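Asks: Sequences listed follow chains A and B, in order. According to the working numbering, the first sequence is numbered sequentially starting from 39. According to the working numbering, the second sequence is numbered sequentially starting from 33.
If you are wondering where the hints come from, they were derived from the structure by calculation, not from laboratory data. In this text the structure is predicted, and so the values were computed from the model without any measurement. Backbone N, C-alpha and C define an ideal beta-carbon position, used for all residues, glycine too. Do not rely on the hints blindly, as some may be mistaken.
In silico lysine to aspartate or glutamate, EDC-like type, Cα no more than 20 Å apart, as pairs [claimed, not checked]:
no. : chain 1 : residue 1 : chain 2 : residue 2
1   : A       : K40       : B       : D124
2   : A       : K269      : B       : D138
3   : B       : K108      : B       : D36
Some, not all, of what chain B presents toward chain A, calculated at C-beta under 10 Å [claimed, not checked]:
no. : residue
4   : G82
5   : Y112
6   : L123
7   : H127
8   : I128
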Amino acid sequence: MKISPPNLILLLSISLCALAFLSLFIGAADIPARDILSALIGNASTSTEIIILELRLPRVLLGIMAGASLGLSGAALQGLLRNPLADPGVIGVSATAGLGAVIAIYLGLSSSFPLSIQIMSMGGALLATFILSFISSRDSSVLTLILAGIGISSLATAAISLTMNFAKNPMSLQDMIMWLLGSLDNRTMTDITLAGPFIIGGWLILRGVGQGLNASSLGEDTAQTLGINLKVLRMRVIIGSAISVGATVSVCGAIGFVGLVVPHMVRSLIGHAPGRLLLPSALMGAILLTLADLATRAPFGHGQLRLGVVTAFVGSPLFLYIIYKTRGTMR
Amino acid sequence: MTLDARNIHVTINKHQILRDVSLSIPKGKLIGLIGPNGAGKSTLLRTILGLTEPQSGQILLDGEELSNWTLKERAKKISYAAQGAPVHWPLDVRHIVSLGRIPHMDPWQKINPLDDQLIHQAMIKTDVLHLADRLTTTLSGGERACVMLARAMVAEADYLCADEPIASLDPYHQLQVMDILRSLAKEGHGVLIVLHDLTLAGRYCDELVLMNQGQILANGPPDNVLTAENLDRAYHIKASRWQENGDSFLSPWKISGRPDRKG
Numbered sequence: 039m040k041i042s043p044p045n046l047i048l049l050l051s052i053s054l055c056a057l058a059f060l061s062l063f064i065g066a067a068d069i070p071a072r073d074i075l076s077a078l079i080g081n082a083s084t085s086t087e088i089i090i091l092e093l094r095l096p097r098v099l100l101g102i103m104a105g106a107s108l109g110l111s112g113a114a115l116q117g118l119l120r121n122p123l124a125d126p127g128v129i130g131v132s133a134t135a136g137l138g139a140v141i142a143i144y145l146g147l148s149s150s151f152p153l154s155i156q157i158m159s160m161g162g163a164l165l166a167t168f169i170l171s172f173i174s175s176r177d178s179s180v181l182t183l184i185l186a187g188i189g190i191s192s193l194a195t196a197a198i199s200l201t202m203n204f205a206k207n208p209m210s211l212q213d214m215i216m217w218l219l220g221s222l223d224n225r226t227m228t229d230i231t232l233a234g235p236f237i238i239g240g241w242l243i244l245r246g247v248g249q250g251l252n253a254s255s256l257g258e259d260t261a262q263t264l265g266i267n268l269k270v271l272r273m274r275v276i277i278g279s280a281i282s283v284g285a286t287v288s289v290c291g292a293i294g295f296v297g298l299v300v301p302h303m304v305r306s307l308i309g310h311a312p313g314r315l316l317l318p319s320a321l322m323g324a325i326l327l328t329l330a331d332l333a334t335r336a337p338f339g340h341g342q343l344r345l346g347v348v349t350a351f352v353g354s355p356l357f358l359y360i361i362y363k364t365r366g367t368m369r
Numbered sequence: 033m034t035l036d037a038r039n040i041h042v043t044i045n046k047h048q049i050l051r052d053v054s055l056s057i058p059k060g061k062l063i064g065l066i067g068p069n070g071a072g073k074s075t076l077l078r079t080i081l082g083l084t085e086p087q088s089g090q091i092l093l094d095g096e097e098l099s100n101w102t103l104k105e106r107a108k109k110i111s112y113a114a115q116g117a118p119v120h121w122p123l124d125v126r127h128i129v130s131l132g133r134i135p136h137m138d139p140w141q142k143i144n145p146l147d148d149q150l151i152h153q154a155m156i157k158t159d160v161l162h163l164a165d166r167l168t169t170t171l172s173g174g175e176r177a178c179v180m181l182a183r184a185m186v187a188e189a190d191y192l193c194a195d196e197p198i199a200s201l202d203p204y205h206q207l208q209v210m211d212i213l214r215s216l217a218k219e220g221h222g223v224l225i226v227l228h229d230l231t232l233a234g235r236y237c238d239e240l241v242l243m244n245q246g247q248i249l250a251n252g253p254p255d256n257v258l259t260a261e262n263l264d265r266a267y268h269i270k271a272s273r274w275q276e277n278g279d280s281f282l283s284p285w286k287i288s289g290r291p292d293r294k295g
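This is chain B alone, in the form it adopts within the complex:
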């Protein structure tokens, strides 16, 4: 059982964004999608979610073409935490988390005790239970990110996709969110996240997919992907690396070249 992208090509406004991209998200793995700005990471994520239509190629959800699934059935299988966690009305945290149950509800259905239990558990796991009655508009960025993860978790979907879930969070919340994502993978979910923090990507992810200019440059275990050569080619940077207590660390250190400028 996997969520697969096969030979995906995406062109938006005559710009080719993805060229022959293939990717597999098995259950129980935390996959990090990395690459410089504009490499096509978000577009790939959106294509996998069915939000962007590929020109060619297939998305296979448990072996079945994504377009053969109804929107509701897809939503029960794949949940999504959008970048920046937008919320357009001042709604309380419990209500926001409960929206994650919508794939399982008919238009008129109310939240039932089983839903309530799931919502409660998700808020405990993401440590936002104490915020339950606060308006999301009054939360900090880190608290919001955790609320959105709780919302994505209550869908009980097999796969979870998150677009830059730790962007602009403080170190505590970055680690907290990564811990939650890793534990979700350990529980058997297939988790795909877009990341910019190479240190955390290398530490937490089971596998990394490095994208560059709409193509996959490397993928596999973090140590095989985050090589000096790949970092130079994709990011035009040199990283400093060291070992401590058997863990390997990496920190972007200096610019090694200039990105290609396309008009």
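Chain A extracted, bound-state conformation:
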């Protein structure tokens, strides 16, 4: 199946709006579609407005922002590293963001200050971003950066295990595990205010890297002789991804597989040119995450199903299917 990129973007945008609306529609209270629309334009009864704008809308918006960040940075990182196996996890921010959250839970900070988990987690993500930008400003190769990411990631994962190891009680341990599995439950506008600026900031940094990524498909030397400043390109992709993914993880938990699988889905529709994948991957990521969030609320989950589990379960078979379909062209 082939489709032109503008048509795909249109199709994905329409699907995303429809799914977002469906997500607003589903919840404990039965609210008719008409009332949802009037609540969105500030024209409904107070109770309806509270349910829609304060309970359901933050969840939908965060899902879209998180999915878009993961899809976009997955596509950008795969383009930069010229490797279809890269995902936002390789730069290590997901792990350090997770570490921040786990430490906050360990210390029991959230009982005295509710946003402490998100803030600690964001701190973890920014720390990794800082280390990465320091390394990438030293004229390092992409391989060095990725190995540094893996090092940071392994260290943070070890520290997460250590923290869990010494969890003060089973409840605290369960909180840590649940947080790491990812969720959009009970998110508020405060979460959006906290993470939104970083997420959108990351997107803005990534905006316009497409041309450089296209040139990089000919190798770094050739890209440079085509007038691309590789150091700047590397910094933008790494830091843009780190900031938006770090902020995403800090409010939604670790959500695997979206960043890896989404660019492959888009490739099977519009081809491999890395610059062309960016916007469609952001939209596709948002769609996938909104769908996964809908699935976590399905009756069979008994309200226990976590987002990261669903994305991995949906993502991996899809991934296997796509790589099987494209095995002839990937060499």
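Model the placement of chain B on the given structure of chain A, informed by the hints.
Replies: Using the frame of chain A, we list chain B on its own:
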């Protein structure tokens, strides 16, 4: 108007790779850079392209120091066909060729009809138009080399550098690529290529630059460079030579000595 390297010294990891190398690439000439493996040919090419920083010496592009040019402006002046023509994604040929227009485009700009025309013409000149919709990953080495030349040509740069453009190609494609490079020089481009095939180097190039151990051993018209003495000193080989219909031919024939072994 020339692309000049002046008194270039390059040291990489405490190894001196180039020692006081000077070279001039005038427009309208096909210059062949020859020499044994490890003589510093690729490093010189990379230095001229601005990919390797020299310890001392200057690269002058139309009389102006290369570092004073922005990357974009340089890219409009000098294009480069890398060794082995790497392509990291399965992209179609037309798309690959269109990447050569990047120096002339803003980050958001799309290919316009003028670009399309240039891309089309370059694909005709390099005889790859029939491959336009094929994925480059499915092409033969010879077809790939021609696609990469087309990509380098659409930049409309004054100078073109190619690192071993005919390495591991069959005789047909070797001749085809050399014909294309010669016609580019005839059209007024300054072309610098790294070569190992001395026969083709002698036949096609206007001038040859013979490098040995980081220095230029000889340069000038092919007959003056490819002397028995120079071949012995640089390559440690003896060549067999003959004349036919006024053309002179040369074929490496046997080893005449042993390269110096450095630890």
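Asks: Could you run down the list of hints and mark each one as holding or not?
Replies: We went through each hint and held it up to the structure:
Distance restraint check for K40 (chain A) and D124 (chain B): the Cα-Cα separation of roughly 14 Å lies within the 20 Å cut-off, and the hinted pair is therefore satisfied. Between K269 (chain A) and D138 (chain B), the direct Cα distance comes to roughly 18 Å. Compliance with the 20 Å bound is thereby established for this hinted pair. Taken as a hint, the K108 (chain B) and D36 (chain B) pair is honoured in the structure, with Cα atoms around 17 Å apart against an allowance of 20 Å. With 10 Å as the threshold, the beta carbon of G82 (chain B) comes within range of chain A, its nearest partner Cβ sitting at about 8 Å, so the hint holds.
With 10 Å as the threshold, the beta carbon of Y112 (chain B) comes within range of chain A, its nearest partner Cβ sitting at about 4 Å, so the hint holds. Residue-level restraint check for L123 (chain B) holds (minimum Cβ-Cβ distance to chain A is 6 Å; threshold 10 Å). Checking H127 (chain B) against chain A by beta carbon gives a least distance of about 6 Å; that is within 10 Å, so the hint holds. At a threshold of 10 Å, the smallest CB-CB gap from I128 (chain B) to chain A is about 8 Å, leaving the interface hint in force.
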